[in-house]
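A.B. asks: Next come the chains, spelled out residue by residue.
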Amino acid sequence: MADTPDDYLWDGTGDADVVVQRLETVLVRYRSADPPPPLRLPDLTPAPAGWTWRTVAAVAALLLLSIGVSWLTYDRRPAVVAEPWRIASLLGSPTIDRAPAVSRTRLDAGRWLETDRHSSAILDVGRIGRLNVAPQTRLRLIESSEGEHRVALERGSIEAQIWAPPGRFFVETASATAIDLGCAYTLTVDDAGTGTLSVTAGWVGLEHRGRESFIPADASARTYPKLGPGVPTFDDASAALRAAVRALDTARGAEAQQAAVDVVVREARSQDAVTLWHLIDRVDRSLTGRVIDRLQVLAPAPPGVTRDGVLSGNRAMRDKWWEALGLGSAAWWRTWRQK
Amino acid sequence: MPHLLADHRVARGDLTSPADDAALVIAARAGDRSAFDELYRRYVRMVHGVLLGRSTRDDVDDLVQDVFLTAWRRLSTLREPAAIGGWLHAIARHALVDHVRQHRDHVALPDDPPDKSGGYATSASDGYATSACGFPRASGGGWRPSGPDTDRLEADRALAVIRQLPEAYRETLLLRLVEGMNGPEIAARTGLTPDSVRVNLCRGMKLLRSRLDG
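Chain order of the listed sequences is A and B. Under numbering that gives the first Met the number 0, the residue at position 330 of the first sequence is numbered 329, and the numbers go up by one with no gaps. Under numbering that gives the first Met the number 0, the residue at position 78 of the second sequence is numbered 77, and the numbers go up by one with no gaps.
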């Protein structure tokens, strides 16, 4: 099989590959130390035994005071189950609902955060991540609960780093919803509502009315009002391929798409299989066969996946082919849907 | 030549199961530092390999500490204890993104630039030419076993080329070629499927060969 490494590359058995072996030999200088250096964790042990009665009394007094304050200020709202969003740091004068925001200000659901051309902010996304809000950005927190954080980006640019499991962080825009699949990414929305997503690490899913795209690290995709997400391209793909894919994002009909499909088929490298896979159901049906054939050359379909099956829209076959691309399980990246 | 991977595997211990990891996570959550130390020992190579993808060797050790410190502080947010590998993998990637952003203007490679006397050969006549990014490039595509200077030259160049590969290939190759992990171990430690690791290893190695020969 074309994408199966030999035994030596896979597990070190079998006949040694001289290039791999040479690389192992010279690169060992960069290997982590064995044994590794000691882990320096902060001392989280309980209070030391040598406390004086004065310390104990002071702590007890503080505890009583805090209990008293809590009792007096308790407003009988439901308990907050999720860590709230807060401004971790800011530059200039961002506002929350037009009022000046300061560091540690809490951003509640329904509130708008806005930055002008001279201001920016870094938000703590509960306990699950961080959001850098660029100048000239306007966003609204829709929901912040333990299982889901959802924000609307009206315009501007955000840089998200999320360390929660997939499907916990959503960014809604006029043209698509970005679903975090364990990643870091930048999302920009212009005044017309067109979005540009660039993924730095992990994955992001884009969805709009059933149309979905999956963008891996080092790749980007556009989103378009009324159309939804476009097709991802790797940032190091040829400029011609990227331009052709952008044209295909909005072109309709075989005549309008023909030239761009020619370019994509000609320019695609094996790593651009992810782009071709997305194009299968984005191009006119009369052109789908060409996309499938090129994908077959670059990343042969696994057993059980046929050209006719994929051409006829067999979702299971398409998913199986996806899994053969080595980009993770289709079941995994669709998990967010079932949440 | 003996198989380096097999030697390394023996030296560093066999692969453990996610269930073992889950028990350690649960113990660590309860404040058992030795359990977390064991998790550190199990995952430090994976984290180190991921971080090596875009940071200098000097920075990597500090970043590794940062990653595990972050994990220690946020351990209560990990819902599936058995998923600790994928979780640490994600934290390491985020740490790297942060690091790269903070050092955007910092040219980091190679880690140990050779001095002038033993430095990079720039003449095509000795088998190497300097690439556009300042690293030696093999002319003729061969790997020439020789002395320590050549080894270091090749290592620097190989690392520089690997660092230019797409993330999935870059990480997998660093874990395989630098950290000495085998395919099943990479899958278990990163949370990726074995099939994904297989494909990434195969395609990444093809790409690496072509770029080293280019």
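Because the hints were derived from the structure by calculation, they are not lab data. Being a predicted model, the structure only gives us computed values, none of them experimental. Where is the CB? At the ideal position from N, CA and C, for every residue including glycine. Among the hints, a few may not be true.
Unchecked claim - Computed cross-link-like contacts, EDC-like style, restricted to lysine to aspartate or glutamate with a CA-CA straight-line distance of at most 16 Å:
| no. | chain 1 | residue 1 | chain 2 | residue 2 |
| --- | --- | --- | --- | --- |
| 1 | A | K225 | A | D261 |
| 2 | A | K319 | B | D60 |
| 3 | A | K225 | A | D190 |
| 4 | B | K205 | A | E206 |
| 5 | A | K225 | A | E171 |
| 6 | B | K205 | A | D6 |
| 7 | A | K225 | A | D189 |
| 8 | A | K225 | A | D235 |
| 9 | A | K225 | A | E211 |
| 10 | A | K225 | A | E206 |
| 11 | B | K205 | A | E211 |
What the hints assert, rightly or not - In silico contact screen, one side only, chain A against chain B (beta carbon under 7 Å); selected entries:
| no. | residue |
| --- | --- |
| 12 | L8 |
| 13 | E23 |
| 14 | V25 |
| 15 | L26 |
| 16 | R28 |
| 17 | Y29 |
| 18 | S31 |
| 19 | R39 |
| 20 | F169 |
| 21 | A173 |
| 22 | A191 |
| 23 | G192 |
| 24 | A200 |
| 25 | D217 |
A.B. asks: Broken hints, numbered, in rising order?
C.D. replies: 1, 2, 4, 8, 11, 20, 21, 22, 23
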